[in-house]
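Number of protein chains: 4
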Amino acid sequence: MYMTFQAATPKKQPVPDTMRALVFRGPNQIAVEQVSIPRPGPGEAVIRVTLTTICGTDLHILKGEYPVKPGLVIGHEPVGVIHELGVGLSGYAVGDRVLVGAITPCGQCSYCLSGDWSQCGGPIGGWKFGNTINGAQAEYLLVPNAQANLAKIPDELSDEQVVLLADIASTGISAAESGDVKLGDTVAVFAQGPIGLCATAGAKLRGAGFIIAVESDPIRAAMAKRMGADMVLDHTETDAVEEIRSLTGGKGVDVAIEALGTQATFESALRVLRAGGTLSSLGVYSGKLSVPLEPFAAGLGDHKIVTTLCPGGKERMRRLMELVRHGRLDLRPLLTHTFSLDQIGEAYELFGQRKDGVIKVAIRP
Amino acid sequence: MYMTFQAATPKKQPVPDTMRALVFRGPNQIAVEQVSIPRPGPGEAVIRVTLTTICGTDLHILKGEYPVKPGLVIGHEPVGVIHELGVGLSGYAVGDRVLVGAITPCGQCSYCLSGDWSQCGGPIGGWKFGNTINGAQAEYLLVPNAQANLAKIPDELSDEQVVLLADIASTGISAAESGDVKLGDTVAVFAQGPIGLCATAGAKLRGAGFIIAVESDPIRAAMAKRMGADMVLDHTETDAVEEIRSLTGGKGVDVAIEALGTQATFESALRVLRAGGTLSSLGVYSGKLSVPLEPFAAGLGDHKIVTTLCPGGKERMRRLMELVRHGRLDLRPLLTHTFSLDQIGEAYELFGQRKDGVIKVAIRP
Amino acid sequence: MYMTFQAATPKKQPVPDTMRALVFRGPNQIAVEQVSIPRPGPGEAVIRVTLTTICGTDLHILKGEYPVKPGLVIGHEPVGVIHELGVGLSGYAVGDRVLVGAITPCGQCSYCLSGDWSQCGGPIGGWKFGNTINGAQAEYLLVPNAQANLAKIPDELSDEQVVLLADIASTGISAAESGDVKLGDTVAVFAQGPIGLCATAGAKLRGAGFIIAVESDPIRAAMAKRMGADMVLDHTETDAVEEIRSLTGGKGVDVAIEALGTQATFESALRVLRAGGTLSSLGVYSGKLSVPLEPFAAGLGDHKIVTTLCPGGKERMRRLMELVRHGRLDLRPLLTHTFSLDQIGEAYELFGQRKDGVIKVAIRP
Amino acid sequence: MYMTFQAATPKKQPVPDTMRALVFRGPNQIAVEQVSIPRPGPGEAVIRVTLTTICGTDLHILKGEYPVKPGLVIGHEPVGVIHELGVGLSGYAVGDRVLVGAITPCGQCSYCLSGDWSQCGGPIGGWKFGNTINGAQAEYLLVPNAQANLAKIPDELSDEQVVLLADIASTGISAAESGDVKLGDTVAVFAQGPIGLCATAGAKLRGAGFIIAVESDPIRAAMAKRMGADMVLDHTETDAVEEIRSLTGGKGVDVAIEALGTQATFESALRVLRAGGTLSSLGVYSGKLSVPLEPFAAGLGDHKIVTTLCPGGKERMRRLMELVRHGRLDLRPLLTHTFSLDQIGEAYELFGQRKDGVIKVAIRP
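Residue numbers (this note's numbering), protein chains in the order written: chain A, 1 to 365; chain B, 1 to 365; chain C, 1 to 365; chain D, 1 to 365.
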C-alpha cells in the first residue's frame, strides 16, 4: 500500500469544540485526527461539512508531489450547512445549506478586480482549502471571504447533485469556456478521468458540433459518451492523432482539450489542432513540457494555448447549480462510491489505485 | 384572400433554357411564371433547387411592406444540386448537393474583411436572394460569390434536415451568440414563431441554465418546450414581465431575446433584463421604437442592445449542419406542411394566415 | 441664482470629531455644515479628503432631478489620506495617500463576481458616494469595502493629476472600451463636456485612427483637439451627421460615442454609425428616448448599443494612474478653477452656469 | 559574403512583356533576372511595383532555412500602381496606387469565413507572395484575389509612409491586439528588431500604461523609445527578467511580447508574466521550444500563449493607413537605407549582416 493511513483514533465521548478531520502529516502519512473546530473571524464563516470528495490533487499532496505543510487538513470540495458566521456578512443565516467552490477568491484584490479570480492575490492564490488553509475533509470548515464564497443550494438539489461542482465540474467545463468553444466546433478531449469527463460535458454544453474523446479505459469511455462525446477513440488501439485528423478531413479540430497533464497528451492535442485553433489545457504538468514545432507551424499558425485553474466563488457555483437544476448536467453517475469520514483511508486507496471502476468517491463526514 | 395569385401557366413541353419561378409583380401579386434559367458569370454558380421554404420576410414583400422590384423571383432559402459552375471556382462539381445561406457574403469587401459578413457591401447588403437578385422559389438559382456560399451537404443529411438552416435557424441561433449567452445564464425569449423557436434552440445550444419562452399560441408553446424552453409563459394570461422578474428573484435575466419586432416585446425584453444584461434583438421594426428609461436605468445600467442579421456563408452553413449531423439540432418538426412549386400560392396563403398549425412550409420545385 | 446656498457656518474652535461637509437639504438647498467625522466599521476606512471636484451629476442632485435623501453629504470624487482603518483590512496604513473611484464595488456580490462591478448589488448599485451614503465634498469620507477601493497614489503623482480619474476619466474612457474601439477605427464623439473630452481621450488611447468630435463651444472644441480629436465639427454651423457621413465616404463610423444624454445626440450618433457599428452611450437620459428606425436598418444592421456606468474599484484607479504616470493622459488642463470647501457654493454656481470657460473645478477641503 | 549574388544581367533594350525580378535559385543563390510580366486571370490583378523592402523571412529563404522552390521571385511587401485588372473585379482602375499586404487572404474559404484570414486555405496559407507564388522584389507583381487585397493609398500618403505596413507593422502591432493589451496594462517586449519595434508601437497604440522593451543594440534601443517604450533594458548588462519583475512589484506584466523566436526570449517572456497574463508570440521558432514549468505555474496560472501571423487583406491595410494618415504611426525612421532593384544584392548583404545601423531597407524597382 502506498501510504501509511493511521487507523482513526477511536471515537470517545464527543469532546466539545473538537471535530474529526483528515490531517496530512507528511508524504504518505495521513490520519483522521481530533482537532479544534474553527471559529470565524470578520468576513469568515464556519460550515458543518455534509458531503465532500477526494480529488486527484489530494493524491498528489498525499504522495508528497505537491507540497503542503504537515498538520494541514486537506480536501477542497465542500457541501455543508452554515454553523457560525463572522461579523460583516449579510444575507446568510446559520442553518443555510451551501456549496463552496474549491477556489475561494477574495473579490477585492487587484487580480480579482481584473477578473482573474482564481489567481486571487497571486499565482494559484485562489486555491486555499487544503493547500494554504485547512480543508474540507473534516466535520467543520472555515470559509474565508465568505460573502464571496457561500453559495446557497436550492432546496430541490441534493448534496450529491452539487458536490462535484466545487472542483471537477467547474474545472472541466472551464476548458470549453476558456477555449471559447463555438457552436458547431469540432472538439477533441484527451483523457476521460473525472476532469476530462467534465470537459466533455462542457464542450457539449457550449454547443460543440462534434466531440471526440480519447480514452482507453472502457468504463471511462462509456461514461464519456454519457457525458456528450460523439465518439471515443482508444489511443492504445488506434493512432488517435491520425484518426482525428482523418475525421476532420485533414483539417484538425477547432479546440483540443488536454485533461491529463502529460507531454504525450499535450503534444497530441497540438497535433490535432487546426491552424487558428485553441489548445485548452487543464493539465498539471511536471518534469518538462515542450511544444512540437511542426504542428505549431513554427509559431505562425495563429494557435492559442490557454490554461485554466478551476473558477470559484459563489456566483460560479450558482450558475453551475442552475445547469443541474434544469437538467443540463447530471454528475451523479460519476459518484461511484460512498464512504464515511472514518473510512476515508479506504476511499483514498480505492481512488488512488483506480480500483473497482471508481470515478469519484463521496465522503460523508 | 389577401393576394392575387396567378394560376400557374399550364405546363407545356419543356422549353429549353426556361424554368418555372415565383415572380413578384407588385403588392399582393405573385405568379409562377416561365423565366430563363440563369447562367453563371465568373465566380458564380447555378443550382437546381430541390427544396426551399417561405419566410416571414417573403410575406412582407408580398404585402408591399418591404419593397422589391416587380419582376423579381423571391425566396432565399435554397437547397439544391449544382447545375453549372462559372469560371474561377474550385473544389466543386456539377451534381454536388449544396445548401446556400439566405445571406451570401462576398468575403472580399471591407465589411466582410471586418467580420461583418451580413452587412456585405453596406447595410443589409449580404441579403441578396429575393431582395436585390433573383431568389430561390424557382427551379434554378444563380448563386453569387459561389466559392464563399456553396456548402456541401453530407450524404447522411436529407434536404428536410437542412433547409431551415439557411435562414431561420441561422438567425434564431445567432441571437444567443450575439447576446453572448454564457453557461448557466437565465434567458427569456419573447415570441415563439419560427425565428423565436430557433432562438430558444440557440439559447439551449449555448448552455443557458434556465430558458423562459413567452408565447400564447399553444402549438408554438408546446414546440418551444421541444426546442429547449424550461418554461413557457402565456402573456395573454399572465404578466410575463412580472412573472420573469419574480422567477429570477427580482434580478432579471442575463439575456433577453426579442423575436417579434414590436414595441411591446422590445419593451418587455428590456423590463426583464438585469443590470449588465443584454437585449438581443432579431426583430424587424416598423413605425416607432422607443426605449423605456426606467428599466434602462436612464442609460446607467451597463445594458447592451444588439441586433443581428442572419449569418450566412458556407462555413456558417457547415457548422450548423454539424449540429444537425450529431443530433444537437432537429428542425424537422417545424416543417409542418409540404407543397410543390405549382402549389406555392396555397402555401403562401396557409403560411400567411397561420392556418392549420403551420410553422414552416416546405416547397419542392 | 438657481439655488439657495447657505453661507458656511462660521468656523469656530475646531470641534473634536466633527468636520465640515456639503449637505444636501432639498432641491436647490445645499450648505456647508458641521457634521460628525465618520468611524469605520469592519472592512471600511475613513480618509481625510485632500482634493475633490463637482460632477454634472451633483448638479442634477442639487436641482432635484436625481433624488437623494435630504441630509446627505454629496460628491463622489475623492483624493485623500487614510485617517482610520476598520478591522479586516490588510496592506494599508494610516497616512497612505489614496484615490477612490466614484463607484465603490464590494467585489463579493453576484454582480461583482460576474464582472459587473458598477452594478454592485443591483442597478447602479456601485454608485454609493453622495448617492446612497455620504460623499466626498467633506473633510472626511467613509469608504465602504475599502480593501477593494483604496488605490494608493504613486509618490510622483499630485492630487491634481489623479482627481479626475475617479469619475469623468474612468467614465469617458470606458465609452471607448465598451464600444470596443479597434486600431484604425473611425470614431465620432458627440459633445465635449468633461465626460465627452475624456471619451475623446479614450478613443485616442484605444488606437482609433480618426476621431471626429462634435461641439459648438470654442473652448471645449479647442480642448477636444488637445485630448485627441483630429477634427471638431460645430453642429450649430454645419450638419454634423451629413459631414461625418461624407468624411467616411458615406459609410459611417465604426463607433459613435454619445456623451450628453439627449435624444438629439443619441439620434445623431445612430445616424453616423456604419452597419455593424457600435453606439457607445454615456448619457443619462430623461424624458423619452427613441430609436430612429432608418439608420437602425429596422433592426437588421448588426448594430450594437452599449451603455456604461463609470468603472470603479482600486484596480481600475491603479490602471488609470499608470496612464497618467507614463504621460499617456494629462487631465490637468480640464481643472480650470480651484476653490476651498467653504467656497463650494461659488464653485457650484460657476460650474452649473458654465461661466468663465470652466470645465472642471477643484475643491480643496 | 554569405551568398552568391549574380551580377544583374546588363540592361539592354527593353524587352516587351518582360521585367526584372529577384529570383531565388537555391540556398545562397539569388539573382536579378529578366522574366515575363505576369498576366491576371479572373479575380486577379497585376501591379507595377514602386516600392518594396526586404524582410527577415527573405533572409531565411535565402539561407535555405525556409524552403521555397528554385525559380521563385521572392519578397512580399509591395506598394505599386495597378497595371492590369483581370475579369470580375470592381471599384478599381488601372493607375490606382495601391498597398498590398504580405498576406493575401481569399476571403472565401472556410478559414477566411471563420475570421482566420492569415491561415487562408490551411496552415500559413495566407502567405503566398514570395512563398507559394511569385513575390514583390520585381517590377511587376500578380496579386491573387485582388478584390480582397488591393488597398488604395490616400493621395496624401507617400510610398515610404505605407510600405512597412504590408508586413512588419501589421505583424508587430498584431501582437498587442492578439495579446489583448488593455488600457493601463504593463507590457514587456522582448527584442527590438523591425518586428519588435512595431510591437512596441502596437502596445502604445492599444493604450498600454507602461511599456518595457528589452534590447541590447543601442540604435534599436533608441528607436524603441521613439516607438513608445517607456524604458529599455539591456539584457546583456542586467537580468531583464529580474528587473521587470522588480519594476512590477514582483507581480509581472500583463502581456509579454516575444519578437525574436528563440527559446531564451520565449522563456524570459514567460518568466515576467503575471498569473492570468498573456504571452503574445511573433517568433518563428526552430529547433526546440519548451515551456518552463515554474513560471507557467505547472499549467495552473491561467496563462495564455498566443501566436499571430501577419494580418493581411485590404481592410487591414486601410486601417493601418488611417493610423499613419492621422499621425498615430510613423515608420519612416525605420527605413534607414534605399536601393534600386539592381542594387538589391547589396541591400540583402547590408540587411542580412545588420551593418551600418540598418533597420529596414527600401527597394525601388
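Read the hints as simulated data drawn from the structure, not as lab findings.
Any given hint could turn out to be false.
Copies of the same chain are indistinguishable here, so a pair counts whether it falls within one copy or spans any two.
[To be verified] Heads up, simulated BS3-like pairs for lysine-lysine below, C-alpha to C-alpha not over 27 Å straight-line:
1) K152 to K182
2) K63 to K182
3) K225 to K182
4) K288 to K182
5) K288 to K63
What you are looking at is a predicted structure, and each value in this text was computed from that prediction instead of being measured.
Results for each hint:
Proximity of K152 and K182 under a CA criterion of 27 Å is satisfied inter-copy only: 21 Å between copies versus 31 Å inside one chain copy. Neither within a single protomer nor between protomers do K63 and K182 lie at most 27 Å apart by alpha-carbon distance, with minima of 39 Å and 38 Å respectively. With identical chains, the CA atoms of K225 and K182 are at most 27 Å apart both within one copy (20 Å) and between copies (23 Å). For the homomeric pair K288 and K182, neither the shortest alpha-carbon distance inside one copy (31 Å) nor that between copies (32 Å) is at most 27 Å.
For a Cα distance limit of 27 Å, the shortest separation of K288 from K63 inside one copy, 20 Å, qualifies, whereas the shortest one across copies, 32 Å, does not.
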